[in-house]
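As a plain string of letters, each chain reads:
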Amino acid sequence: MTSGPGSSESSLEHLLRELAPQVLGAVMRRYRDFAASEDAVQEALIAAAEQWPRDGVPNNPRGWLIQVALRRMTDQVRSEIARRNRESELAQELPVVVAPVIYSEPQMDPEDTLVLLFMCCHPALTSASAIALTLRAVGGLNTAEIAKAFLVPEATMAQRISRAKQSVKTSQIPFSMPEAHERTARIGSVMHVLYLIFNEGYTASSGDSLQRTDLAVEAIRLTRLLHSLLAESPDVTGLLALMLLTDARRHARTGPNGELIPLDEQDRSLWDRQMIAEGTSLVTEAMTRGPVGEYPLQAAIAALHDEATDVESTDWPQILALYSVLKGMSDNPMVALNHAVATAMVQGPRAGLALLEPLGKDERMSGTHRLDAVRAHLLERANDRDAASASYLAAAEKTTSLPERHYLLMRAARLRGEER
Amino acid sequence: MKFMLMMSTPGGGEYQIMQWPKQDIEAHIAFMMGFTRKLHAAGELVGAEGLAPPSQAKRVRAGDDARPITDGVFPEAKEFLAGYWIVDVGSPQRAYEIAAEASAAPGVGGKPMNMPIEVREVMSAPPNPK
Numbered sequence: 001m002t003s004g005p006g007s008s009e010s011s012l013e014h015l016l017r018e019l020a021p022q023v024l025g026a027v028m029r030r031y032r033d034f035a036a037s038e039d040a041v042q043e044a045l046i047a048a049a050e051q052w053p054r055d056g057v058p059n060n061p062r063g064w065l066i067q068v069a070l071r072r073m074t075d076q077v078r079s080e081i082a083r084r085n086r087e088s089e090l091a092q093e094l095p096v097v098v099a100p101v102i103y104s105e106p107q108m109d110p111e112d113t114l115v116l117l118f119m120c121c122h123p124a125l126t127s128a129s130a131i132a133l134t135l136r137a138v139g140g141l142n143t144a145e146i147a148k149a150f151l152v153p154e155a156t157m158a159q160r161i162s163r164a165k166q167s168v169k170t171s172q173i174p175f176s177m178p179e180a181h182e183r184t185a186r187i188g189s190v191m192h193v194l195y196l197i198f199n200e201g202y203t204a205s206s207g208d209s210l211q212r213t214d215l216a217v218e219a220i221r222l223t224r225l226l227h228s229l230l231a232e233s234p235d236v237t238g239l240l241a242l243m244l245l246t247d248a249r250r251h252a253r254t255g256p257n258g259e260l261i262p263l264d265e266q267d268r269s270l271w272d273r274q275m276i277a278e279g280t281s282l283v284t285e286a287m288t289r290g291p292v293g294e295y296p297l298q299a300a301i302a303a304l305h306d307e308a309t310d311v312e313s314t315d316w317p318q319i320l321a322l323y324s325v326l327k328g329m330s331d332n333p334m335v336a337l338n339h340a341v342a343t344a345m346v347q348g349p350r351a352g353l354a355l356l357e358p359l360g361k362d363e364r365m366s367g368t369h370r371l372d373a374v375r376a377h378l379l380e381r382a383n384d385r386d387a388a389s390a391s392y393l394a395a396a397e398k399t400t401s402l403p404e405r406h407y408l409l410m411r412a413a414r415l416r417g418e419e420r
Numbered sequence: 001m002k003f004m005l006m007m008s009t010p011g012g013g014e015y016q017i018m019q020w021p022k023q024d025i026e027a028h029i030a031f032m033m034g035f036t037r038k039l040h041a042a043g044e045l046v047g048a049e050g051l052a053p054p055s056q057a058k059r060v061r062a063g064d065d066a067r068p069i070t071d072g073v074f075p076e077a078k079e080f081l082a083g084y085w086i087v088d089v090g091s092p093q094r095a096y097e098i099a100a101e102a103s104a105a106p107g108v109g110g111k112p113m114n115m116p117i118e119v120r121e122v123m124s125a126p127p128n129p130k
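From first to last, the protein sequence lines are chains A and B. Using our numbering, read the first sequence as starting at 1 and increasing by one per residue. Using our numbering, read the second sequence as starting at 1 and increasing by one per residue.
Derived from the structure by calculation, the hints contain no laboratory data. Do not take every clue at face value.
Stated by the list, open to error - Heads up, incomplete: computed chain B residues facing chain A, CB under 10 Å, no partners named: (1) G11; (2) I17; (3) M18; (4) Q19; (5) D24; (6) I25; (7) F35; (8) A52; (9) Q56; (10) V60; (11) A62.
For glycine and all other residues, C-beta sits at the position ideal for the given N, C-alpha and C.
The following block holds chain A by itself, in its conformation from the complex (with noise of 0.2 Å):
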């Protein structure tokens, strides 16, 4: 025994997450059942966090999580064989033999881990199936977690967990490494997975927040690890980058009541500075790197954001020589929305208004608030209040979050209170 049993919760939970996956690749690597697999590997999760506290965790976690794990899988697949012998009418006459399982140490591959996070976000499933697999099979969140995190309730959660397994089956999605030739593609798959789950996380200011499992630190978690293994790619650095720069603002951006703030209000001491030095070394190693795509260029904005003391003496013409960039890369109109942003500090709020004119037509803003929100910022900032106040009001009745909706509707009713 390594620790006895006044071993911290938090750390014990903080191992078994870590091993969670290295653990499923080697269930995996014996019975290709991801499904099965997958329910045996929390089981053992489950018996590790009730009896490591009381008896101590064992010298060897991963072996102990792998033993238990293989031993459920044998079971299962026992009570299945002696289920079908009931029903075959040459049951006396053909008995199976189950061959005992070796519980020898497991082949072990790092890779295993990467593996796993390609299946649990491959282009054939849904993001919503693609989000609950990779939290559960990597992240080694149970179904109560994952549920509370998305304020859904557990059987919900299960079933879609269930469905996803069940996806994952029918497209026949292999335990293996993609080729090389859509390795590129597959990779950009399992970014755009980790970074709705940081983006799940991040704007769910609301609800109980002592409650709800932490998506962002999660979806940060997740990332190092992807990192760990594809250190090489700066777009995976860049992803990794752009969620620390982001997540440092944490504490600044809401309120007592959760309000929201935004950036330009926002008390900067209470920026978290080892996650912004963190983050701008990543993002400067990610885009010495040659070509850049997205993510990189997104975190070295987030970066020139917090290196700031404070918005005026932002770089918002290099903000805007960047958002430039990605506009070329994208025809993003979230992309085109922030470029007018950053046009508006750099060029006034005018010429911001100008390059707003031609996102009204686009189809893909019509159920967002954002294009109204950003209107009405910038019409304040060019000191036309009525119109500000009333865009403001149009923003509020389109968005479907509540902080953002109370913020929206406090901006309206300071600047109509001004007027008198």
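Place chain B on chain A using the hints.
This is chain B only, laid out in the frame that chain A set:
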């Protein structure tokens, strides 16, 4: 016993809160958040949701081919559901007390709104099939 407490907003336009002065909006939001937090702390809250404004509402019917036919906003409606709480309490009286507290949420000038809260008991049913 479980009860659903439904809060409605007058139809025919935006939520009334949208034109209030800033400090009144602030007071109203702070009240609502504190109210829900208190129910949660008392172990009485099962769930609560606020709904997006009526301007985003659609009325849906299945067409002959079973595909959805959506209708826009319906200005003739007198009022719209704005949000609800589901509470688990010992008696209907307790549910009424909670509803009255929500009803007295501060409005313009901090005056209690005394808005109507519809209280409906949630029927019991066997557990969901596995």
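Hint by hint, here is what the structure shows:
| no. | hint | verdict |
| --- | --- | --- |
| 1 | G11 | 15 Å, violated |
| 2 | I17 | 7 Å, holds |
| 3 | M18 | 6 Å, holds |
| 4 | Q19 | 8 Å, holds |
| 5 | D24 | 8 Å, holds |
| 6 | I25 | 5 Å, holds |
| 7 | F35 | 12 Å, violated |
| 8 | A52 | 5 Å, holds |
| 9 | Q56 | 7 Å, holds |
| 10 | V60 | 17 Å, violated |
| 11 | A62 | 23 Å, violated |
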